[in-house]
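One line per chain: the protein sequences are A and B, in this order.
Take my numbering: the final residue in the first sequence is number 359, and no numbers are missing along the way.
Take my numbering: the final residue in the second sequence is number 289, and no numbers are missing along the way.
Just so you know, the hints here were simulated from the structure itself, not pulled from any lab data.
For glycine and all other residues, C-beta sits at the position ideal for the given N, C-alpha and C.
There could be a bad hint or two in this list.
Quick list of simulated restraints, FRET-style, between CB atoms [what the hints assert, rightly or not]:
no., chain 1, residue 1, chain 2, residue 2, range
1, A, Ala172, B, Phe75, 30 to 40 Å
2, B, Glu57, A, Glu113, 51 to 61 Å
3, B, Leu118, A, Ile250, 27 to 37 Å
Covered stretches of chain B, as calculated for chain A (at least 3 residues, CB under 8 Å) [stated by the list, open to error]:
no., segment
4, 23-31
5, 34-43
6, 97-104
7, 107-114
8, 125-137
9, 148-160
Chain A is faced by these chain B residues, among others (derived, beta-carbon under 8 Å) [to be verified]:
no., residue
10, Tyr54
11, Glu57
12, Leu119
13, Val122
14, Asn221
15, Phe223
16, Leu242
17, Tyr271
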Amino acid sequence: MTTGGRESMVAASPEATIGGPRRRGLKRLLGRDYQLAYLMIAPSLLVLLGLIGFPFVRAISLSLESQPIGGEGHFVGFDNFASLLQDKLWWLTFKNTLFYTVMGVGLKTVVGMVFALILHQKLKGRTALRALLFIPWSVPIVVDAFVWRWIYSDLNGILNFVLYRLHIIDQYVLWTSDPKIVLWAIIAVVVWQGTPFYMMNFLAGLQSIPEEQYEASKIDGASALQSFRHVTLPGLTSVLIVVTLLSTIWTSNELQFVYILSSGGPAHLSEIFPTLAFFTSIPGRELGMGAAVALSFFPLMASLIVLAGRFMLRGAEA
Amino acid sequence: MNGSKSIQRSRWHFFSRPVLAIGLLWTLFPFYWLASTALKPNDDMYRPEPLLVPQRLTLDHFQKVLFDSHFPEYFRNSTVIAISTTVLSLFVGILAAYAIVRLDFKGKNLLARVLIFSYLVPPVLLFIPLFELIYKFDMLNSLQGLTFAYLTFTVPFTTWLLMGYFRTVPVDLEEAAMVDGCNRVSALLHITLPLSAPAIVVTALFSFTLSWNEFLYALTFTSDAASKTVTVGLASTVAEDVFFWGVMMAASVLIAIPPVVLYLLGQRWVVSGLTAGAVKA
Numbered sequence: 042m043t044t045g046g047r048e049s050m051v052a053a054s055p056e057a058t059i060g061g062p063r064r065r066g067l068k069r070l071l072g073r074d075y076q077l078a079y080l081m082i083a084p085s086l087l088v089l090l091g092l093i094g095f096p097f098v099r100a101i102s103l104s105l106e107s108q109p110i111g112g113e114g115h116f117v118g119f120d121n122f123a124s125l126l127q128d129k130l131w132w133l134t135f136k137n138t139l140f141y142t143v144m145g146v147g148l149k150t151v152v153g154m155v156f157a158l159i160l161h162q163k164l165k166g167r168t169a170l171r172a173l174l175f176i177p178w179s180v181p182i183v184v185d186a187f188v189w190r191w192i193y194s195d196l197n198g199i200l201n202f203v204l205y206r207l208h209i210i211d212q213y214v215l216w217t218s219d220p221k222i223v224l225w226a227i228i229a230v231v232v233w234q235g236t237p238f239y240m241m242n243f244l245a246g247l248q249s250i251p252e253e254q255y256e257a258s259k260i261d262g263a264s265a266l267q268s269f270r271h272v273t274l275p276g277l278t279s280v281l282i283v284v285t286l287l288s289t290i291w292t293s294n295e296l297q298f299v300y301i302l303s304s305g306g307p308a309h310l311s312e313i314f315p316t317l318a319f320f321t322s323i324p325g326r327e328l329g330m331g332a333a334v335a336l337s338f339f340p341l342m343a344s345l346i347v348l349a350g351r352f353m354l355r356g357a358e359a
Numbered sequence: 009m010n011g012s013k014s015i016q017r018s019r020w021h022f023f024s025r026p027v028l029a030i031g032l033l034w035t036l037f038p039f040y041w042l043a044s045t046a047l048k049p050n051d052d053m054y055r056p057e058p059l060l061v062p063q064r065l066t067l068d069h070f071q072k073v074l075f076d077s078h079f080p081e082y083f084r085n086s087t088v089i090a091i092s093t094t095v096l097s098l099f100v101g102i103l104a105a106y107a108i109v110r111l112d113f114k115g116k117n118l119l120a121r122v123l124i125f126s127y128l129v130p131p132v133l134l135f136i137p138l139f140e141l142i143y144k145f146d147m148l149n150s151l152q153g154l155t156f157a158y159l160t161f162t163v164p165f166t167t168w169l170l171m172g173y174f175r176t177v178p179v180d181l182e183e184a185a186m187v188d189g190c191n192r193v194s195a196l197l198h199i200t201l202p203l204s205a206p207a208i209v210v211t212a213l214f215s216f217t218l219s220w221n222e223f224l225y226a227l228t229f230t231s232d233a234a235s236k237t238v239t240v241g242l243a244s245t246v247a248e249d250v251f252f253w254g255v256m257m258a259a260s261v262l263i264a265i266p267p268v269v270l271y272l273l274g275q276r277w278v279v280s281g282l283t284a285g286a287v288k289a
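Same shape as in the complex, but just chain B (with noise of 0.2 Å):
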């Protein structure tokens, strides 16, 4: 019995080390290769034999992305958009995922069930509306168009992570507080609110970094430097430049950077918000 449990155990270690291995190179090999082409000077990049591990390093590619591109500006949309977003849906999902576990009303089943759904409608079945909306009111190639636009995937989303967290906020807090006269607006601000501070923050990181990364939306609402986001200014920045695999790469890389750090810190949460509730950590 217990033989045969050693042997199960050391055939399954056998195993696992090696894909463990290959797992990793597979997975951090494009990141390698990421950021030593942004390092690597363009006589080492564009040669018959490329370098595994380069020679020369260089910042000249960072050197052209901040002082010599579009790229500030599109950083600065990004971050305008992805921030203008958080706030306002932080606002609206706040309030609306409150009155949802706390208040009774008619109908908050069924805004519940819209919540879940609206939040499952791809992007795909919406942009091209989006897009008349937008033009008609005259907001193609504007922050605050593709903010509103935004808006359709964070404001779900974020009302449905606040529901969440709020329901494990114990309700006699609340009550306690109420009965000492406090009504339920000063309530929520001073008693749910802030033990939900975690979980807010949490909500917060994750609605800037889908901002922060949206493609869809981008792509057909801006085109001009003006108003484009990173992500669409990375896609735009290929056509501009026969060598430009090492400005690309190091734009990359310093697009990647707010994300993954947000990502790092809220990992725990990341995942348990996605799925919400139906996967029991």
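Okay, chain A solo, but in the shape it has when bound (with noise of 0.2 Å):
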């Protein structure tokens, strides 16, 4: 082993050179392959540092500036989110939030779960009728949401025509714009959307319950009930818990839905926090403002964050 005076990279870190030729301590320190490691992230670094790490931060920043688009900002400290916990709005847009992504997520994992367990059964066609619940789940969000749209017209629509036929409406419904009634029209299309992804989910844990404990339950005599509930839910938990952490974090931040279905209306009857901050930073111009909303939501968001990545870095390393 020679010095290895020559790599410029190395000097910058003086413990490097402490006991012994530079090269070994600093391959002590850095690891093994370190030249070869840090020439191989560094366009990843690049991209995390320079558009996720450091947009973050200015995110951050811009919360606590007055800052209009293309105008010159100025540092308010912490009026943004003052002001916001003072709008009625804001906290309209947090009920809202909560609400919308707690009936989502909780209707997805029922409906999902359901499908899963229909058919995980031995039914003929198994494949292609798993083929076909997928579809909603693989087309873009805002093709779906667009087809709703016109299936929830008021006068051309087909779902105010067909339930008024059958008797169920006796006058027609104005599915998105009914403040009863919006937030779960736009429930109704985000659970048919996302179900499938949930039921994908629960069918590759159900087939990893090996059967023997199935039979097992059975021999003790177990009700189809009780062995759901001590074979089915245990053998489910870590697909449970992940697909709806991260169905939490990704329900409660898609605009697209609302954007497309309501516009967040009826006065911001179904406004959510994804639509309220895109509608002040950037039709509103106020990125300052729209940052903090954004951010007002992100404490919630971060634990979820925290816990979702946890169970993923835990699943990968096991």
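Could you use the hints to bring the two separately framed chains together as a complex?
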């Protein structure tokens, strides 16, 4: 091992020279393959720092500024957050987002589980059924949302027509502009679109539960419900946790359904954080306030991200 | 014992068949309605009693989308952006994933952690500062601007997926090659990459679809026909015409075809890939 005096990069770390030839010391410090490795991760560091890390930090600093698009920004401290907390619209958005997310995720879990259990049986044409039930999730969300906007259409929409003909409703319903109905109408589309993802994951989870466990529970005289509780559910715990966590993050941050179906209306009754952040910052041209809206939702989001990330890392290392 | 079991089973069947039927109807009817609207003449569409089964079929709406609208441009933009994003993120992802899985260097666990957390950071947190960044670099309304923005989700995701796949390639093969005089880079090129070819195809397919379907960044960073993508192009068509549903649905069909075909091809891997590792299939 000769002294690697020529590596100029290396000279930046003076500790490396302590106790022996510089290069060997550096290898001990930075790992056997550090030179090639740092070269190979450089592009991804560039993306992580430049396009994610820096913008993330900038989002925080923007939220402390009054910064109109194209204008001069100035520091206002926590004013943006203070005025958000005093704003009825923020609280309404908070309530809507919670309701929308909890209902959406809850229903997707239940419906996804029912379909997974059905498809887990030995059905004829199971592969084809699985592919068909998967379609809503594979279509771009913007297309899903527009199809439903057309189905929900007040006058020419097929939903009103069919329900009216079946005497389920006695007058046409304004699905996306009735204050009492709008959030439910959007949640229905969210569930319709997102269920396949749950179903596929639950199905994969079900298939990993060994058949012997069911047989053992049968021998013990367990009913179908009991074996679901004591064999199926425990076997699905890790899938259930990861899928629900990921889906909570994705569902609460997806703006397309609301943006396309109702634009947050009527009177902000279907406004959620992603749409409020968008409308405030881009059409409203207030970048600072928009960043504050997005960040005001972040503490909740961060805890979900940390939890989900831990589970995914644990899964990958196991 | 046997009797009660078969009662349970038949009860479950009794319950599951109708539920499955309703589920299929609920899942598929919107797509039937999408396709039939795209093929219906306007006269049959806007009437008090919509026709559940179209009486006449027409390709007018498709013709309008393809020859008398901005959609061809949107398609070109989306294709260019999705392909450049995919190629770039594969390049970045393969290098980083290989280094994390096979090489010994300080900070690799930290990097793996940062990758997974950045994959989970929602675009809603990033679109405003990214808008500012892209604005300052004068890249609003440009395909490059959007491509850079899309790297924020495709790079962490691609790297994470490939890490999982590279771990399954036996390290002995590479070691044997290196004993025979291969260096690291040629071991990667000649052993690991060919062995993970299927995984790389799936990862590519995935990052293509994610970019193709993206909406928020495209909505924020583009505003003219020369740079809009299909998703935002579709959303801006609404304002242009009173009787727009036929055209909208025809365009929707065309937009949905690439991702649906790709997902159906890669279905098995797609789902296990998304929750990467946590869900053991």
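(message) Under the constraints set out in the numbered hints, which ones does this structure not fulfil?
(response) none
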